[in-house]
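Engineer: As you go down the protein sequences, you meet chains Y and H in turn. If you count the first sequence from 1, position 9 lands on 384 in my numbering, and the numbers rise without skipping. If you count the second sequence from 1, position 41 lands on 98 in my numbering, and the numbers rise without skipping.
A portion of the hints provided could be inaccurate.
[Said to hold, decoys possible] Heads up, simulated DSSO-like pairs for lysine-lysine below, C-alpha to C-alpha not over 30 Å straight-line:
id, chain 1, residue 1, chain 2, residue 2
1, Y, K420, H, K137
2, Y, K420, H, K154
3, H, K242, H, K154
4, Y, K397, H, K137
5, Y, K397, H, K154
None of these hints come from the bench; they were simulated from the model.
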Amino acid sequence: MSDHDNSIEELETLFAAARQAKERPSDEVIAAIMVDAAAVQSRAKDSAAKDRPLPGITRGFYTLAQQFANAIGGWPAFGGLVTAGIAGLWVGLFPPSFLPDPVAQYYEITNENDVLAYNELDPAAWLGDEVEQ
Amino acid sequence: MANARPHDISAQNLEDEVLLARFARGDPEAAAQLTERLAPQSFAVALRVLGNRAEAEDVTQEAMMRLWRQAPNWRRGEAKVSTWLYRVVMNLCIDLKRRQRGGHLDLDAIPEPIDPARSAPETLQETRRMGALQEALMQLPERQRQAVVLRHIEELPNPEIAGIMEISVEAVESLTARGKRSLAKILAGRQEELGYSDV
Chain Y
376 MSDHDNSIEE LETLFAAARQ AKERPSDEVI AAIMVDAAAV QSRAKDSAAK DRPLPGITRG
436 FYTLAQQFAN AIGGWPAFGG LVTAGIAGLW VGLFPPSFLP DPVAQYYEIT NENDVLAYNE
496 LDPAAWLGDE VEQ
Chain H
58 MANARPHDIS AQNLEDEVLL ARFARGDPEA AAQLTERLAP QSFAVALRVL GNRAEAEDVT
118 QEAMMRLWRQ APNWRRGEAK VSTWLYRVVM NLCIDLKRRQ RGGHLDLDAI PEPIDPARSA
178 PETLQETRRM GALQEALMQL PERQRQAVVL RHIEELPNPE IAGIMEISVE AVESLTARGK
238 RSLAKILAGR QEELGYSDV
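Generate the whole structure from the sequences, applying the supplied hints.
Structural biologist: Following this line, the structure appears as structure tokens:
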């Protein structure tokens, strides 16, 4: 047997031993790989939940709101509209002192004495006075 | 895997693909099984090619991360999971070596030291032999080393190695033949040290 044949044979023996002696990654690395896997699965789950279609009625309302928002210039304009609405309601319920209070006026007119006062008013006499003048 | 027959390999691939699909649906058990099947295989190749345990572990973790990310887009029947993963591992090894060369550090010249204290006396000789093989492998050019590891240690068929390394089957044959000749030459001067003097 030549030296070359010996060397090749020894090499084959070494390869065979290397196949048997395969080393494993450490437990820490295996654990890190599992943590990576869980993180990827968790992100995929979150992403799927975000992409999931809304239930019919919610979707219908959302579509309508979206169309309305688009018509008035997008969601910022929609926000402005809502703010203006709330401000108007606030001024109506709690007006500043220099403005008439609509709530107080409503209660004044439903007061029993005020109703009687209106009933006692005689339009004919009133008009007659004007004609005489 | 190393001694698997063709139908065993195809059965393993089918199982890998099923597990990958289960992983993509969020099954944590599939992740555990894929890790157990594929991480040691990736690590073994990376360790032989890089000759450094810490780097091989980094490459293994990164390769597995890429597999997890690829899972939802995996097209069944197009490629073998293990072949795809071997290719990722090899490319990561090449990238790592390239970066190290950029930093003027050639770890090819620094083989992993052998630690005899880790082995029982009766396996000391075997440890020496494995160390010598690794040192010899590290002296081969990178592509030769990859081809030799895939052919003679992982025992993959040449067409699969060609797919992994993205070269022709003829190029694989040439790389493995030259690599084997070089290894035999390198190890020829160490026969006595390795206990082969009586062969």
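Engineer: Looking at the structure, which of the earlier hints fail to hold?
Structural biologist: Number 2 only.
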